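S.K.: In case you want the letters, here they are:
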Amino acid sequence: MPKYGSYIRTTVALGSAAILAAVAVSGAGAAPAKNKDVTITGAGSTFVAPLVSAWIPAVGSAFGYTLQYSAVGSGAGIASITARTVDFGASDAPLSPDQFTSCNGCIQIPWALAATSVFYNLPGVKNLLHMDGPTLADIFLGKIKTWDDPAIKKLNPGVNLPSTAITIAHRSDGSGTTFNFTDYLAKVSPAWQSAVGTGTAVNWPTGIGGKGSSGVAAIVSQTPGAIGYADVAYALHNHLSYFAMKNRAGKFTVPALKGILAAALSQTKPNSDGSLSIVDPPASKKYANAYPISTYTYVIVPVQTSKAHELKQLISWAVTHGQTFGPKLVFQPLPLPVVQFDEKAVKQIHS
Amino acid sequence: MSTADLTSDAARRPFSGRRARLGDLILQGVAGAATLGATALVVLIAWKVVDGSRLSLSKYGLGFIGHVAWNPVTGREVYGAASFLFGTAVTSLGALLLAAPLAMGIALFLTELAPRWIQAPVTALVETLAAIPSVVLGLWGILVLGPVLRDHVEPALHGALGFIPLFGPATVGSNVFNAILILTIMILPIVSSISRELFLGVPHELKEGALGLGVTRWEMVRGVMFPYARGGVAAALILGLGRAVGEAIAVTQVIGGFVGIQWNLFSPGDTLASRIAAQYQGATSNLEVSSLIYLALILLVFSLIVNVVAQVIVRRVARKQGLAR
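If you're matching them up, the sequences are chains Z and H in order.
Reminder that position 252 of the first sequence reads as 252 in my numbering, one-by-one numbering, no gaps.
Reminder that position 212 of the second sequence reads as 212 in my numbering, one-by-one numbering, no gaps.
Hints were generated in silico from the structure; no laboratory data involved.
You can take every hint at face value.
Which bits of chain H does chain Z cover? Going by a derived footprint, with three or more residues having C-beta under 8 Å, they are: (1) 68-74; (2) 167-176; (3) 256-265; (4) 280-289.
Heads up, incomplete: computed chain H residues facing chain Z, CB under 10 Å, no partners named: (5) Gly138; (6) Ile142; (7) Val144; (8) Gly146; (9) Pro147; (10) Arg150; (11) Gln253; (12) Pro268; (13) Asp270; (14) Ser274.
Please read all numbers here as calculations on a predicted model, not as lab measurements.
Note that beta-carbon positions come from the ideal geometry of N, C-alpha and C, so glycine has one too.
One chain only, chain H, in its complex shape (with noise of 0.2 Å):
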């Protein structure tokens, strides 16, 4: 070890002495495991599913990946990924593109207008909204909302809407559109209160700066506010667009497990995790089970796509903002 280390190691150490300097070791031992074990974790979840996904990937190849099909009936084995991928992308999108807006008025309405006396309860309701376990969501998804959307609210927008292919005729509770709606219940609490925290975090120089030069209460919140805030909440929507990809029992129950590729929104359809919580307990075959962990694979690059989208973009407006003052 060179002397250059030693100084900038004790540099980094308040305290000197052997005690100090043990606990110091346990510290970065335990900190240190703890990391290369999550790392270690990762890794091997990941070759565990590029392993046991083997048999399905020597047989279909990346082709698995653009064809409709799913059938696990012996003698008459097919599968294919594109259209829980095509499933996967529009709930998620369309979670996200509901989700947004609303979690940006929760978060303003906490921050800027609410009365203060309402902010704590409100911000711990929208919160407790986290805690309620999928399966509970799911279900209320079948037995409440599905009837709601079916019998009224998809008729009205297919009839004001009904030329855009999106809005076709309802027939059935359980559709995407049912799965959308409870994906975007469970993403609002992440992306609404990382939000708040963020909109909590511009400095009152700035807000108070924008207002003394008379500009109004939105214009302060679009000029001010949103460009401080938006590195940050790109990051929360993707963190929330990461838990609406992933999240699979709560769909199961409400997306009606079709397999093929429909535009119509209120149709039944399926996602890649899904599909995965569905049928991989009952998997009759080698090549089932192999594919179902195929399925998983597309997920996890997927996620990792998603997370490395995310973090491009948070340094990015993070480097913008940098420059600007």
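Bound-form chain Z, shown alone (with noise of 0.2 Å):
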């Protein structure tokens, strides 16, 4: 709705100074020769931000224009996309229905996939920890209160568990990665989809927010007996014990390449809308590595843009070359199917 847009358009102006200084540095000494004066720009998720950053010298070489990226959070990057400000944006939840139609003519492309990890604090216990959806979802319900829980310690079976109260973090800003970790909660618990559902942000039971992922894990990090979630480069990153999930198959699987494969192999046909869910795959001996809270992030283009070659060129080289950047990054190169239907999607965008 147009209205909408308006809002979105005082926003981001307002910030638009802001991004212009952050995006100046990010952007400089990287483009030779070519097409030198040309920029795409684009703005969103952080949790796909060390990703595009690693292409940025890459795309500069290898076409010689200049990529620039914000790491602004996906809700303001749809919200710069669909003001125009910035060339593309960059979600890890998909577009709602209302911000599709703001956006007035957006596709969104899946073009990187990773994985959300469940982390704790609980010393003494030197383990890595089981976890499973049921008993996480009901967890996360206020349910399960302490870690000495029986359904905690039949997960556990021989580790010490305390008495520690749990205490949860999640977050308190809208973020693909609530999309995602609650996506996963509303498919393994009925008691989870009834009672709160899946979204960016949602009516939390319990539990603290924090702001971004460093909120999360700030609060975390200074509360014994905590839980939270954020994608898994970032506890990684930030050395947090995370969970090993069970997925359906049976089997416990840490948030690493191989399991985030195995995940995005169950499901490989986007939606309609560009969309594509993977979380908790079904029990198969061929997903039975599969880590079951693994996600897509999108990027979302105008179909129509005066800057269409640049932006055609630049997605799919990002969907083929650029996920050779991935594994470093714990980002899973696409599956084929998935690159191919990107590049039949990227042949929409026009000027």
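With the hints as a guide, bring the two chains together.
M.R.: Dropping the structure here:
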């Protein structure tokens, strides 16, 4: 709706000076020769930011134009592309119907694949702890209150679990990671589905909210007994211990490339809007190693844009060659069917 | 233009001649434009906020204000402002209650009690508090203040005053009490530095006269300085309250973002400004955006009320003082 757009435009206009400043630094010195007058700007997801940052110099040398990306968060990224103050937006959660309408002729293309880790702070317990979906949902519903609850003990035989109270840390801001996490809980727990549901922000039954992944991590690291969630790269970077999650096949898996790939193979055909949910893959030998809280993240572009040529080039490159930058950053390269879908989707972009 | 106007106009102008008149015109133009611009900006913002909240206003009406709810999940959307209004009132009044005596103490110490060599550096240091970015203060609130409160301060308060529902059991470091303390730190420099200026403005004859009558220092402070500065101090406190009501980022970081009304200060909550700051950018539906702007509208009206009340208080106190003299 146009109304929504106008507010976004105001917000974005206010923030654009800051964004420009950030962008000027990140993009400096990237582009040699060729199209050096052309600059492609993007904004959004912090989740995908490490990968896009790794792309910047490579895009500069491959195509000669400057790629600039500001990690302002998925929501702000959607707002920016809706207002057309950037050339592309990036979001970890698929666009909502209202957002699609506001964005007026945008398409979303899955362009990176990673996972959400569920981490904890339990001093004195050195083991890699096991967790399954229904128990995790009960914890986040506030039904399981202490670490020595029978349900957690049963998943971790032989581990001496303390009676420490569980403190839940969640995002207080809207977030694609929250979407992925609640999408998973809703799939594995009917109780969660009926009481809370799935969204970038939900009505949390219990727990404390932190702003951004850093806010959640700060609460968890300062609170013995706390559990929180964030993208796996963030957890690794900050040395947080995370759960091995039980998948449908009955196997406990950690958020690593192998597990993410197995999950991705369970569903390789995007919906008509480009979105694709791969949480909680079905029980099958084929997905035995699947990490159940894996997710795609999306690039959002207007179908009609003056920089159609460059954007087509960029996205085609990102979903193919660009994927080779992923594994080092715990981004699993896209499965072939998704790459094919993306290349077809890119063809819709025109000037 | 009448002749009376011309003479009064000329009287206001110390210089005559063409150039001076041009300068005056420019001054008048610039000052007028600035004032007009500021006023127009407020009106425009108010208009935008009303316009933006229209969807939510028409759906919920005034019932929005008294409703405890915030669920942005598609298909289950329901919004209400009550828990954030409650959180805003509790955090800002709490911060004011803590900051007022502290700020008075600092101001009195710096004007009356401290040796002269200490006054300037301490004044500067207290005012430096105002320069700390709120994000940094919020981070300090999570990482440093939170654990100390949770492990020591809050259990002690609960032990001593647990019969009052406000001081319930402490479980987490990110809570309403933490937000109150962060806001206290934020408004302390404003209130104390204005109060200090006011205390410095108390005429010497009054103070020395009182001391000459043989009263103690405290009696002089209570009987002369406080009444003299009362109106100004009240205005300073209201300014501080305005700051506390509107603070968004630092509160978002430490308050724990919980929807619901809980009397226990040691449990998480949320405020109007904090909710807007946390969720505006990620809002996924038109109704959610509109409801967040509705929260902003409530905040705007609230601030307006605070400002008007402040002016009434200041005027009343000033009139009383006029009568007393």
